[in-house]
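Asks: Sequence:
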Amino acid sequence: MSHVIVVGSGIAGLTVALRASAEHDVTIVTKDALGDGNTARAQGGIAGVLCDDDSVDAHINDTVRAGAGLCDEDAVRVLCSEGPERIRGLAAAGVDFDTDGTGFAQGLEAAHSYPRVVHAGGDATGRAIARTLAQRVRERRIPVLENSLLIDLVVRDDAVVGTDVLTPTGPIRMLAETTVIATGGSGQLYERTTNPRGATGDGVAAALRAGARIADAEFYQFHPTALAGSGFLISEAVRGAGAVLRDNTGRRFMLDVDPRAELAPRSTVALALARTMAAQDGAPVLLDATGVPRLAERFPTLTAAVAQAGLDWTSEPVPVTPAAHYWMGGIEVDLEGRTTVEGLVAVGEAAHTGVHGANRLASNSLLEGAVFAERAAAAVPRGNKRQHPPLSPAVTEIVAPALDRSDLQRLAWSALGLERCESSLNDAICRLNAWDAEASLTPITREGLENRNLLLVARVIARQALARRETRGAHARLDYPDADPEQARSVTTALAQEALAC
79 MSHVIVVGSG IAGLTVALRA SAEHDVTIVT KDALGDGNTA RAQGGIAGVL CDDDSVDAHI
139 NDTVRAGAGL CDEDAVRVLC SEGPERIRGL AAAGVDFDTD GTGFAQGLEA AHSYPRVVHA
199 GGDATGRAIA RTLAQRVRER RIPVLENSLL IDLVVRDDAV VGTDVLTPTG PIRMLAETTV
259 IATGGSGQLY ERTTNPRGAT GDGVAAALRA GARIADAEFY QFHPTALAGS GFLISEAVRG
319 AGAVLRDNTG RRFMLDVDPR AELAPRSTVA LALARTMAAQ DGAPVLLDAT GVPRLAERFP
379 TLTAAVAQAG LDWTSEPVPV TPAAHYWMGG IEVDLEGRTT VEGLVAVGEA AHTGVHGANR
439 LASNSLLEGA VFAERAAAAV PRGNKRQHPP LSPAVTEIVA PALDRSDLQR LAWSALGLER
499 CESSLNDAIC RLNAWDAEAS LTPITREGLE NRNLLLVARV IARQALARRE TRGAHARLDY
559 PDADPEQARS VTTALAQEAL AC
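For this note's numbering, add 78 to where a residue sits in the sequence shown, where the first one is 1.
Watch out, some of these pointers could steer you wrong.
[To be verified] Just the calculated beta-carbon pair ranges, DEER-fashion:
hint	residue 1	residue 2	range
1	E500	P193	36 to 44 Å
2	R329	D152	37 to 45 Å
3	D562	G328	34 to 42 Å
4	C508	T245	33 to 41 Å
5	R460	T368	52 to 60 Å
6	R329	T523	44 to 52 Å
7	E525	R287	53 to 61 Å
8	S393	R330	15 to 23 Å
Note that these hints are calculated values from the structure, not bench results. Values in this document were obtained by computation on a predicted structure and should not be read as measured data. Backbone N, C-alpha and C define an ideal beta-carbon position, used for all residues, glycine too.
Can you build the whole structure from these sequences, using the hints too?
Replies: Set out below in structure tokens:
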């Protein structure tokens with residue numbers, strides 16, 4: 079049997095590990111506890127065509143429309159046509175999805191033309207999925223290295239042959255015929271984010287250093303409704319159930335922005351929130367869910383989080399702001415998760431399959447993780463473990479920047495956030511390059527590894543945001559406010575192209 083290392087333990091990583099373990103030796107490397115990451119925080123649900131009134135073509139059309147002209151339609155068709163089977167597979171594995179008298183209970187979310195979003199525990203869908211899949215991993219006795227951080231990929235003869243990992247007892251080197259990156263996004267680059275502390279772009283940065291290509295890095299999705307002051311995500315499903323957005327005068331401003339109002343695509347709603355906040359001196363906007371029937375019953379996790387902030391959203395609107403939420407860009411892959419580097423596979427948010435285009439449709443992320451992880455696992459080459467030449471031990475030092483992460487986060491929020499322009503991007507690139515130039519050799523620490531990765535990710539986002547001279551989806555340029563049909567294509571970056579002079 080060949081050895082497969084899976085780095086990450088969200089829905090994508092756990093799915094690959096479970097599927098591949100039938101034919102390969104699998105080891106999971108996960109930064110925190112098994113199953114603890116963005117998947118466990120996902121509230122909104124997982125989208126799929128599960129009733130006769132809906133159709134795969136309708137789901138495809140909704141996904142492509144939200145993606146603002148950049149979706150890979152072959153990938154979208156795979157997502158939407160294979161998605162229902164993956165959802166049923168999760169249910170068979172033990173995920174206790176909410177049901178009604180006819181089967182799966184399905185809700186409506188922004189930019190969907192039909193109620194096709196399945197939930198578990200009302201607003202605890204991701205947690206239910208992560209818990210169930212993690213339990214299946216334990217039952218299979220798949221080896222897991224918890225609290226272990228990817229240092230770098232080991233490359234020999236232009237192929238990835240393993241990983242260097244920082245474990246609680248120190249760095250180790252592991253060899254594998256296939257390495258799967260399932261490390262999620264990079265929300266911790268930004269001052270405001272819905273992502274957990276570990277979302278620092280580790281897998282994407284390591285893949286870039288190993289020679290992989292990164293696609294559409296400029297497209298970072300900002301969720302419109304994070305609870306002000308906490309970053310706690312308030313699911314799209316709340317607006318799907320009837321909640322509305324108001325400015326500080328009580329006006330429903332989304333009625334003037336888009337015919338779909340609060341159910342417009344996320345990029346539209348988030349940008350409208352940001353501009354409304356700017357017009358009221360930065361004060362948060364208000365999410366008014368007081369008219370939603372059975373609010374506390376339908377959204378128990380959210381109700382508890384809002385109450386913890388000292389608010390009662392059943393009787394009063396609550397303050398919300400946009401926050402960095404999901405990276406549409408990532409490691410360029412094909413429909414089986416293969417990257418441009420032999421031996422390296424990527425799945426989930428860390429991968430760029432092309433299904434999301436310039437703006438992800440709500441509740442398609444868990445679906446992408448399940449669908450393409452299944453395909454990637456099925457495509458892992460069979461065979462015996464290779465005989466590797468002697469390799470040096472794992473590295474114990476890295477070149478890392480000495481920076482205050484909060485400075486980087488503030489810079490990213492102001493220059494690489496919801497609205498960008500050439501002058502602020504150029505200024506940001508100069509500052510990012512200066513931090514990079516000051517990096518020095520230092521003993522490996524978690525903070526040093528994360529800062530190195532965040533800085534590299536920021537430089538790639540800035541470069542591609544500067545190159546895209548248009549507004550499209552989640553990428554808004556103040557100096558180029560319109561979409562340019564000539565730029566309706568993905569842009570990729572390799573490490574050799576990343577640096578820009580000031």
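Asks: Indicate, hint by hint, whether the structure satisfies it.
Replies: Structure-based check of all given hints:
| no. | hint | verdict |
| --- | --- | --- |
| 1 | E500 to P193: 36 to 44 Å | holds, 42 Å |
| 2 | R329 to D152: 37 to 45 Å | holds, 43 Å |
| 3 | D562 to G328: 34 to 42 Å | holds, 38 Å |
| 4 | C508 to T245: 33 to 41 Å | holds, 37 Å |
| 5 | R460 to T368: 52 to 60 Å | holds, 57 Å |
| 6 | R329 to T523: 44 to 52 Å | holds, 49 Å |
| 7 | E525 to R287: 53 to 61 Å | violated, 18 Å |
| 8 | S393 to R330: 15 to 23 Å | holds, 19 Å |
Violated hint for the displayed structure: number 7, the only one.
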